[in-house]
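If you read the sequences in order, they're chains A and B. Numbering follows the working numbering, in which position 50 of the first sequence is assigned residue number 159; successive positions increment by one, without gaps. Numbering follows the working numbering, in which position 81 of the second sequence is assigned residue number 74; successive positions increment by one, without gaps.
Treat the hints with caution; some may be incorrect.
[What the hints assert, rightly or not] Below are the DSBU-like pairs computed for lysine-lysine, each with C-alpha atoms no more than 30 Å apart in a straight line:
1) B:Lys53 / A:Lys136
2) A:Lys136 / B:Lys85
3) A:Lys136 / B:Lys9
4) B:Lys11 / B:Lys104
5) B:Lys106 / B:Lys10
6) A:Lys136 / B:Lys11
7) B:Lys10 / B:Lys104
8) B:Lys116 / B:Lys85
[Unchecked claim] If you want the ones that stay clear, here's a sample from chain A, every Cβ over 10 Å from chain B, calculated:
9) Val174
10) Thr175
11) Tyr178
12) Ser179
FYI, nobody ran anything at the bench for these hints, they're computed from the structure. All residues carry an ideal CB built from backbone N, CA and C; glycine is no exception.
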Amino acid sequence: MGIASVLITVSPEESAQAGPSRALYPKPFEVGQSLGPPGNTELQTRILTDAMDLLQHPSEPGTIVTRDYS
Amino acid sequence: MPVQIARACVPYTPFKKKLEESRVALVTTAGVYAEGMEPFTDNDLSFRMIPQGVEPASLKVVPGHYDPASAEADINCVFPVERLAELLSAGKIGKIADYHVSMGLATALRKLKEETSWEIADKVARMRPDVVILTGG
């Protein structure tokens, strides 16, 4: 028995090697801003809820879903 | 006839609950720690249990594998504790776990995989979250 998880990654190539159950890559952000820039509450919430949405609408295990937030 | 060895399977736990009824925990390798806790060092395999409800302004990050400027201005860039609290208030999630877990940058990958990850998994499991959200910084 495990725990359902979802990864928010801005290093998709590295993350892919680890084989995450579910993962979101929020383009175009980089390490240090996985959920976007400081102070952008709406964007951070959107990335967080999009990641959690992968729990209810999953892709094939190991898939890193890319969404563009630019 | 030789047998093809399959690639390692992807560990997967189905999610069968509703988010509105779920307990959510954060696990991060962004090097987040709370004031009063020992900061992370280089190649540090230790982890911190960050209490739910901790004052966000008391959270700090260890400069390691990324520029900490954004996280220092707004911890939610790497560790969305306030966004999670807002989702709770809005009824979008059911509960927040009593603690979140934070690690720094660890390069001793074998020891991380064979020991530390199991210790963290045990700590997380005891909190009985329905969902874990992972961030890397």
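Results of checking the hints against the structure:
no.: 1; hint: B:Lys53 / A:Lys136; verdict: holds, 25 Å
no.: 2; hint: A:Lys136 / B:Lys85; verdict: holds, 24 Å
no.: 3; hint: A:Lys136 / B:Lys9; verdict: holds, 28 Å
no.: 4; hint: B:Lys11 / B:Lys104; verdict: violated, 35 Å
no.: 5; hint: B:Lys106 / B:Lys10; verdict: holds, 29 Å
no.: 6; hint: A:Lys136 / B:Lys11; verdict: holds, 27 Å
no.: 7; hint: B:Lys10 / B:Lys104; verdict: violated, 34 Å
no.: 8; hint: B:Lys116 / B:Lys85; verdict: holds, 25 Å
no.: 9; hint: Val174; verdict: holds, 14 Å
no.: 10; hint: Thr175; verdict: holds, 16 Å
no.: 11; hint: Tyr178; verdict: holds, 13 Å
no.: 12; hint: Ser179; verdict: holds, 16 Å
Comparing the model with each earlier hint shows violations of hints 4 and 7; every other hint is respected.
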